[in-house]
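Given the coordinates of chain A, work out where chain B should sit on it, guided by the hints.
Protein chains: 2
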Amino acid sequence: MSIFDYFKSTKKDTASVAKERLQIIVAHERSQRAQPDYLPRLQKELLEVIRKYVEIEQDQIDVQLEKNNDCSVLELNIVLPERE
Amino acid sequence: MSIFDYFKSTKKDTASVAKERLQIIVAHERSQRAQPDYLPRLQKELLEVIRKYVEIEQDQIDVQLEKNNDCSVLELNIVLPERE
Numbered sequence: 001m002s003i004f005d006y007f008k009s010t011k012k013d014t015a016s017v018a019k020e021r022l023q024i025i026v027a028h029e030r031s032q033r034a035q036p037d038y039l040p041r042l043q044k045e046l047l048e049v050i051r052k053y054v055e056i057e058q059d060q061i062d063v064q065l066e067k068n069n070d071c072s073v074l075e076l077n078i079v080l081p082e083r084e
Numbered sequence: 001m002s003i004f005d006y007f008k009s010t011k012k013d014t015a016s017v018a019k020e021r022l023q024i025i026v027a028h029e030r031s032q033r034a035q036p037d038y039l040p041r042l043q044k045e046l047l048e049v050i051r052k053y054v055e056i057e058q059d060q061i062d063v064q065l066e067k068n069n070d071c072s073v074l075e076l077n078i079v080l081p082e083r084e
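Heads up: the protein sequence lines correspond to chains A and B, in order. full-length UniProt numbering applies: residue 1 is where the first sequence begins, and numbers increase by one. full-length UniProt numbering applies: residue 1 is where the second sequence begins, and numbers increase by one.
Check the hints yourself; a few may be wrong.
It does not matter which identical chain is used: a pair holds within one copy or between any two.
Unchecked claim - In the DMTMM-like style, the derived pairs of lysine to aspartate or glutamate whose C-alpha atoms are separated by at most 25 Å in a straight line are: (1) K67 with E20; (2) K52 with E20; (3) K67 with E55; (4) K52 with D70; (5) K52 with E29; (6) K44 with E57; (7) K67 with E48; (8) K67 with D37; (9) K52 with D62; (10) K52 with E75; (11) K44 with E55; (12) K44 with E20; (13) K44 with E29.
Derived by calculation from the structure, the hints in this document are not laboratory data.
So here's chain A without its partners, still in its complex pose (with noise of 0.2 Å):
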């Protein structure tokens, strides 16, 4: 490797670290309208089988959920916290 390509590729995981992400989506497309949302109670256990391979900070973890009559919509974003 020449002097070049390591300054490239140090620069790239410098300018890289910082957005490592991860994003989860769950969408259910329901017949039944009536039937209980289990996307909320959902979402704390898909972070804590995630939390077993990486590194999940608590305030880094931006949490939407949509609904409306067909559809419902857990999206998590989570930005990964920089490595040593």
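Relative to chain A, chain B alone:
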């Protein structure tokens, strides 16, 4: 509710039962290309969590896993079984 509303709603329910679907997408935009990919392992655990809330039949799960340099995407498309 008039008789017209009744038929309309019945028809809608019948038509939409078959298309009740659940979609789960996990996308990890990564800065470190060499880090191990946990998405294949995550898949099984995600399904276990979701099975607490909805019935999922094994043969109704379509799994796609895409990976390029910067991003890994796990996509689960599930057709939910008809209800009684």
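Each hint tested on the structure:
Taking CA atoms no more than 25 Å apart as the test, K67 paired with E20 passes between copies only; the shortest distance there is 15 Å, against 28 Å inside one copy. For the homomeric pair K52 and E20, the shortest alpha-carbon distance inside one copy (17 Å) is at most 25 Å, but the shortest distance between copies (30 Å) is not. Only between protomers do K67 and E55 lie at most 25 Å apart by alpha-carbon distance; the minimum there is 21 Å, versus 29 Å within a single protomer. In this assembly of identical chains, the alpha carbons of K52 and D70 lie at most 25 Å apart only when taken from different copies (21 Å versus 33 Å within one copy).
Proximity of K52 and E29 under a CA criterion of 25 Å is satisfied inter-copy only: 18 Å between copies versus 28 Å inside one chain copy. In this assembly of identical chains, the alpha carbons of K44 and E57 lie at most 25 Å apart whether taken from the same copy (13 Å) or from different copies (23 Å). For the homomeric pair K67 and E48, the shortest alpha-carbon distances inside one copy (23 Å) and between copies (23 Å) are both at most 25 Å. For the identical chains of this complex, K67 and D37 are intra-copy neighbours only, at 9 Å inside a copy versus 32 Å across copies, given an alpha-carbon limit of 25 Å.
Taking identical chains as interchangeable, the C-alpha atoms of K52 and D62 lie at most 25 Å apart whether they share a chain (19 Å) or sit on different chains (24 Å). Taking the shortest Cα distances, K52 and E75 sit within 25 Å of each other both inside one copy (19 Å) and across copies (19 Å). In the homo-oligomer, the alpha carbons of K44 and E55 lie at most 25 Å apart both inside one protomer (15 Å) and across protomers (19 Å), since each shortest distance falls under that limit. Within a single copy, K44 and E20 get their C-alpha atoms as close as 21 Å, and across copies as close as 23 Å, so both meet the 25 Å cut-off.
In this homomeric assembly, K44 and E29 come within 25 Å of each other (Cα to Cα) both inside a single copy, at 21 Å, and across copies, at 21 Å.
The structure shown violates none of the earlier numbered hints.
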